[in-house]
Structure formats: structure tokens, C-alpha cells
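Chains A and B, in that order, are what the protein sequence lines are. If you count the first sequence from 1, you need to add 321 to reach the working numbering. If you count the second sequence from 1, you need to add 1 to reach the working numbering.
If you are wondering where the hints come from, they were derived from the structure by calculation, not from laboratory data. Be aware that a few hints might be false.
Taking lysine-lysine pairs in the DSS-like style, the calculated list, with each CA pair at most 30 Å apart, reads [unchecked claim]:
id, chain 1, residue 1, chain 2, residue 2
1, A, K592, A, K425
2, A, K425, B, K140
3, A, K425, B, K76
4, A, K592, B, K76
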Amino acid sequence: MTAITVPTIGAPAPAAHRLRWVFADTLTVTWRNLLAYTRIPEALFFSTLQPIMFVLLFRYVFGGAIPIPGNVPYVDYMIPGIFVQTVMFGAVSTSVGLAEDLHKGLIERFRALPMARSAVLAGRTSADLVRNVFVVLIMTAVAYAVGFRIGDGAPAYILGALILLAFAYSMSWGFAAIGLAAPNSETAQVMAFPILMPLTFASTAFVPIQSMPGWLQAFARHQPVSVVVDGARSLMVGGFYHSASSVWYSLLWIGGLLVALVPLGVWRYRKTS
Amino acid sequence: MSNSSLAVEAHDLVKVFPRGHVRALDGVSLAVEEGTILGLLGPNGAGKTTAVRILSTILSPDAGSASILGHDVVKEAETVRRIIGLAGQYAAVDENLTGRENIRMVGKLSHMSGKESRGRANELLDAFGLTDAGDRVLKTYSGGMRRRLDLAAALVARPPVLFLDEPTTGLDPQSRQDLWGVIEGLVAGGTTVLLTTQYLEEADRLARDIVVVDHGRVIADGTPAELKANLGTSVVSITVGGDEAMVQKAATLVASLSDHPPLIDHHVVELTVENGPKVGADVLRTLDAAQIPIGGLALREPSLDDVFLNLTGHKSEAETDEERAARTAKGAKRRASQAETDGRDAA
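Take these sequences, add in the hints, and give me the full structure.
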């Protein structure tokens with residue numbers, strides 16, 4: 322620790338370098354977040370258990386009592402819905418994780434490092450995306466065990482799953498903004514729920530909207546969760562539920578959410594001090 | 002325009018937190034010469050942490066300017082981040098990672114190669130006596146180990162300027178001594194350090210210059226020797242038996258024994274003086290002659306609280322709302338520091 326060597330002082334890096342650093346720094350933060358998940362095995366276990374229980378609950382408890390249109394078993398109908406519900410509830414961990422980083426002072430350290438500003442949020446949302454991929458794989462296996470069958474072939478099923486993952490990713494940015502606005506991690510969780518609940522349940526995820534009162538149908542039909550579930554259902558279940566337009570509509574929503582929520586998260590991050 | 006031998010320069014820094022309408026910094030100027038340690042002293046909420054956060058580019062000042070090795074902290078923030086290291090109570094390490102992983106993460110985010118950050122992790126773990134604990138998750142670390150790792154993480158990119166925000170708050174005496182040794186070693190190697198602390202003893206041991214802040218303003222600066230000369234070397238603490246009038250009478254009687262006015266807290270009268278034992282004996286004689294009952298008499302070294310009492314005439318009560326909200330642990334730490342001061346004097 323003798324002579325001070327400061328080879329790095331000088332002009333800021335050129336644009337090409339910057340882009341490389343954004344990517345590299347995002348990877349590093351993603352790696353750190355994923356590593357942190359594995360360090361709390363209990364959290365990993367129970368957050369895996371929960372979606373499995375939901376699959377079983379809707380398959381065996383509620384499923385029989387919910388009439389759905391089209392000649393498909395309820396287990397097929399519910400699969401896209403239960404996926405979207407799981408990734409939406411999972412997105413709460415984006416809020417909680419960021420609130421924790423903020424209040425424990427980790428973000429303070431990040432801010433004093435020469436890393437890309439955007440990497441903190443991008444790394445968090447990317448880690449959640451990786452986690453969601455695992456969740457979808459596990460749930461697909463469980464769904465298969467309780468009678469779900471792919472309707473339109475594996476490629477369509479995978480495309481449907483990708484739509485759900487893209488939607489979850491866009492929502493992560495919104496939940497990131499919530500986490501940064503929350504005074505602590507406990508509150509972050511409570512703050513996320515009023516947004517989660519109506520979006521997830523006043524939707525086509527578990528029930529056909531025809532059973533809802535008229536005023537609610539208008540909301541339920543066009544809100545993003547319904548639209549994305551319809552799009553995913555078109556691909557994953559097919560048949561009666563096939564609808565190319567709903568696939569395009571869901572892509573439109575996902576694009577719109579990204580355009581709105583990414584800047585919201587970034588703005589919130591810059592504002593937080 | 003700037004003096005080349007100054008590593009850190011701040012001019013009239015102002016920071017207002019709108020939520021609490023608090024002027025956390027109200028025109029703070031300071032300068033740290035290259036290769037020296039500046040101790041920034043002050044009670045909780047004085048603005049120490051806010052100053053460090055501005056100098057380390059985390060916060061922008063509302064007015065005033067600051068530069069690190071000639072680079073403006075606002076206009077050249079990115080350059081500044083490459084030449085500073087930040088450690089302290091709030092710049093945390095990741096609890097869910099191991100010591101080695103933490104250092105490697107900081108290395109990568111400082112844009113070192115994977116090989117370089119791995120090598121640096123080995124070096125630093127070794128230098129800080131953490132090699133055995135390097136692959137353990139931080140949750141299992143003691144307070145002292147965590148602080149050492151925190152400091153190690155700040156040194157990954159070999160920054161020539163180091164900010165240490167209350168680096169030893171809450172540490173046991175041995176860990177504090179160890180950390181002091183490390184900091185001295187760094188400065189011997191040419192590093193410039195700006196250190197905030199609540200401990201006069203720490204500033205005394207480490208710092209070449211001291212700046213004392215309170216309510217966001219600089220209220221004193223100078224070398225430790227200069228500040229102490231103004232303070233006196235010991236505090237005579239007299240517990241008076243009897244009612245309030247008796248305490249007042251005692252304070253009036255002993256006032257002439259010190260250059261500073263006596264401070265009264267309930268039944269305790271305190272005098273800051275140069276020659277504690279002699280004044281103590283004088284106090285006993287004076288009060289005995291006046292037939293004032295004495296419940297107890299103690300000598301102790303002046304604490305930072307005494308500095309503030311003498312410099313400002315008030316106890317440091319105002320923690321800004323902003324800082325209070327974000328940093329709930331401070332009160333406990335402050336009490337701990339007081340307990341430690343007391344413990345040291347008893348020993």
C-alpha cells in the first residue's frame with residue numbers, strides 16, 4: 322500500500338466503454354442478488370412452496386366450482402393465470418429487496434463507486450427475471466402432475482411463458498420504484514399489495530369476467546393482467562382461447578409498461594438520497 | 002485556482018433537507034492536505050455525515066462547491082468516484098455475501114478485471130486478518146470484523162483519498178486500536194483521509210487537523226493540541242448534597258477555580274480545568290469551608306460533549322429529522338459511546 326497509483330484519473334470513458342460497463346455492472350449486481358437468494362435457503366424453499374400450493378388449491382379446491390367457457394378442463398384454463406399471479410406476487414420481493422439495500426446502506430456504497438448508475442435497478446430486475454424463469458419451470462412441472470396438458474405444442478407454450486416473463490419484468494421496474502419510495506422493507510411489502518390484489522384478481526386470471534358486475538368488467542377486460550393472461554392463454558392453451566389479437570394486445574401493454582415504468586424506477590432511484 | 006497540495010477542498014457547502022426544513026450544512030468550508038488526516042468532529046445531526054456524502058458524490062450540495070484532487074464533486078462526479086474510497090457506518094457491506102465476495106463485487110464495480118479483483122480480495126483479507134473468515138457469510142462476523150471488511154472494501158481500487166464515516170463507532174477498545182493502526186499505515190503510505198468521529202480521543206490520536214461542526218456550521222478548527230488547550234485537560238465533577246439552592250451556591254463558590262463557567266446538571270456541578278487533582282482538592286476545601294455537603298467527586302478526561310458544552314454552551318440535542326428518519330440506530334450508538342467514555346474513565 323505504498324505509492325499512490327492513480328492510473329484512472331482523467332477524462333470520463335467514451336460512450337462505447339460506458340455501454341460495456343452498464344452491461345458488466347448489471348451482470349455483477351445480478352450475480353450478487355442471485356447469490357443472496359441462495360444464502361437464505363428458507364426463503365428459497367417457502368417462496369417455491371407457495372406457488373405449488375396455489376396450483377393445488379385452484380386445481381382441487383376452487384377449480385371445480387368455477388364454470389369456464391370452451392371445452393377445456395379448468396386446470397388448463399388456470400395455468401396462465403396462476404403463473405401471472407405468482408410472478409406478480411414474486412415482484413414484491415423486488416420492492417422489499419431494494420428497500421433493504423437502501424436502508425442498510427448498500428446503495429450508499431454503490432453510489433460512491435464508479436459503476437453505472439442504472440446497474441442497481443437493472444441488476445435487481447434481471448435477478449428477479451432469472452428467479453421467475455425457475456418459478457415457471459417448477460410450476461409447469463407441478464401443473465403437469467395435476468393434469469395440465471399443453472394445448473398448441475411446446476413452441477407456442479414457451480412463447481406464452483415468455484410473454485408472462487416479459488410482463489413480470491416490466492412490472493419489476495414499477496415495484497422497484499415502490500421499494501425505493503418505501504420508508505422500510507416491511508412497509509414496501511404493504512405498499513405493493515393494494516396494487517397487486519385488484520390487478521391480479523379482478524382479471525381473467527382465474528375466472529371469466531362475465532360473472533363480474535358490468536362496471537368491473539370494463540376494468541377487468543382491459544387492465545394489463547387480463548390482457549397478458551389472455552395473450553398467454555391463447556398460446557399456452559389454444560383451441561377455444563386462441564386469439565392472435567390478444568397476443569398483440571398483450572405485447573402492446575408490455576411495451577407500454579416498460580416505457581412508463583423503467584423511467585419511473587430510474588427517476589425514483591435518482592431522487593432517493 | 003486551487004492549491005495543488007490540497008486533496009480535499011470544500012467551500013461554503015450548504016445542504017437543506019426540505020422535509021424537515023433543516024439546514025444540515027450551513028456554509029461549511031474545510032481543506033485536507035494530501036497525505037494527512039482531517040478529523041471532522043461533531044455531535045449527531047451536526048452535519049458530519051452530510052458533508053461526507055457530498056464529498057463522496059452521493060448528495061449534491063444546494064450551494065457551495067467541493068473538489069477532490071482538483072476534480073469537482075458535482076461536475077466531475079464520475080472521476081471523483083474513481084479516486085475515493087468510502088467506508089463507515091452507513092456505507093454498508095452485503096450481509097448475504099461472504100467477505101471475499103463483497104470485496105470482489107466492489108472490485109468488479111470499480112471496473113477491475115476478475116483476476117485483479119480476486120487477487121485484491123486475497124491481499125486485503127490477509128492484510129485485515131480476515132483470511133480465515135473470508136469465505137464465511139457476513140452475518141457471522143463480529144462488529145469489529147465487519148468494520149475491517151468495510152474498510153477493506155473501500156480500499157479495493159487503491160483510492161488516494163479515503164472518507165471514513167465514524168469508522169470505530171460501537172467497536173470495542175481492542176478493535177478500535179487495530180483499526181487506528183490500519184488507518185495510520187494507510188496515511189504513512191500517502192493516502193489522504195477525512196475521518197468523522199464523535200470521539201475526541203480518536204481525533205487526537207489520528208488527525209493532524211480537526212474541524213468541529215455543530216448545527217451545520219464550523220464552530221472551531223485547529224490542531225488537536227490547539228483545541229485541547231482551549232478545553233482544559235480534565236473535568237472535575239462534583240455531586241452536591243442538598244437542594245437546588247445548595248447546588249447553585251456550590252457552583253458559584255467553585256466558579257473561580259476554572260476559566261470556563263461551571264456547568265450544572267441536576268445535582269452535579271462540572272468544571273473543565275487544566276490541573277484536575279489540584280482543583281479537586283481546592284473544591285473539597287472550598288465546599289467544606291462553606292459547609293456544603295459533597296455526595297461525590299470525580300475526575301475524568303474531557304469528552305466531546307465537554308467540547309460542545311464549552312464551545313456552544315448547549316448540549317447537542319438537535320438531530321435533523323432527515324437523519325433521524327434514515328438512521329435510527331444513532332441514538333443507541335451515542336449512548337454506547339457515552340458508556341464507553343465512562344468505562345474508560347473508571348478504568
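For this session: Compare the structure with the hints numbered earlier in the document and write down the numbers of the violated ones, lowest to highest.
Result: none
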